[in-house]
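Student: The lines below spell out each chain.
There are 2 protein chains.
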Amino acid sequence: MEKFYVISYDIADDRKRYRVDKLLKNNGMRVQKSVFECRLTDAQFLTLKMELGKIINYNTDSVRFYYLCKHCVDMIEYIGNSVFLEKNDFLII
Amino acid sequence: MEKFYVISYDIADDRKRYRVDKLLKNNGMRVQKSVFECRLTDAQFLTLKMELGKIINYNTDSVRFYYLCKHCVDMIEYIGNSVFLEKNDFLII
Numbered sequence: 001m002e003k004f005y006v007i008s009y010d011i012a013d014d015r016k017r018y019r020v021d022k023l024l025k026n027n028g029m030r031v032q033k034s035v036f037e038c039r040l041t042d043a044q045f046l047t048l049k050m051e052l053g054k055i056i057n058y059n060t061d062s063v064r065f066y067y068l069c070k071h072c073v074d075m076i077e078y079i080g081n082s083v084f085l086e087k088n089d090f091l092i093i
Numbered sequence: 101m102e103k104f105y106v107i108s109y110d111i112a113d114d115r116k117r118y119r120v121d122k123l124l125k126n127n128g129m130r131v132q133k134s135v136f137e138c139r140l141t142d143a144q145f146l147t148l149k150m151e152l153g154k155i156i157n158y159n160t161d162s163v164r165f166y167y168l169c170k171h172c173v174d175m176i177e178y179i180g181n182s183v184f185l186e187k188n189d190f191l192i193i
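Quick note, the sequences are listed as chains A and B, same order. Going by my numbering, the first residue of the first sequence is number 1, and it counts up by one from there. Going by my numbering, the first residue of the second sequence is number 101, and it counts up by one from there.
Don't read these hints as lab results, they were simulated from the structure. It is possible that part of the hints are untrue.
Facing chain B, according to a computed beta carbon distance under 7 Å, are these residues of chain A, among others [what the hints assert, rightly or not]: (1) Gln32; (2) Val35; (3) Gly53; (4) Tyr58; (5) Asp61; (6) Ser62; (7) Val63; (8) Phe65; (9) Tyr66; (10) Tyr67; (11) Leu68; (12) Cys69; (13) Glu77; (14) Ile79.
A short list of chain A residues far from chain B (calculated; beta carbon distances all over 10 Å) [what the hints assert, rightly or not]: (15) Met1; (16) Asp14; (17) Met29; (18) Arg39; (19) Leu40.
The beta carbon of each residue, even a glycine, is placed where N, CA and C say it ideally should be.
Full structure from sequences and hints, please.
Tutor: The structure is reproduced here in structure tokens:
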């Protein structure tokens, strides 16, 4: 069973940030520059945490994991634009 | 009764970002550069959303509101550093 996570980061080094971005994009959807929404099984979540842990600098960086139950997912709100366009994405209007 | 929110933003303009930061700092605790954790009553939450809505640019910016119930709050995890030091903060060791 997949669970819903909001994963946000502060990563100081550009190369590390690129690697974290890539990892998170493979595991979910970017909704803001440093915020991703992911649906993960327990095993996928543990693996992702471990892989992120190998990349980050524990002094300067942080990654936060917010699990949201179904009820909390239904309560998600936003103002402003909802779609984070990756550099090579195109919005077909 | 206060509810727990994770509020994250992407704000393009520096002055708008400063104003959003100030507003969010008055309503909660910054845990990452663009992520805050806030405990708010329903009235405070509505007011905060309205005030943020007056500041942001609806084309370039976004603010996301994640309500977390007690169970989800208990599940919060992080790796790396947990404290976001504001520029004028001092860590007394």
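Student: Which numbered hints turn out to be false for this structure?
Tutor: none
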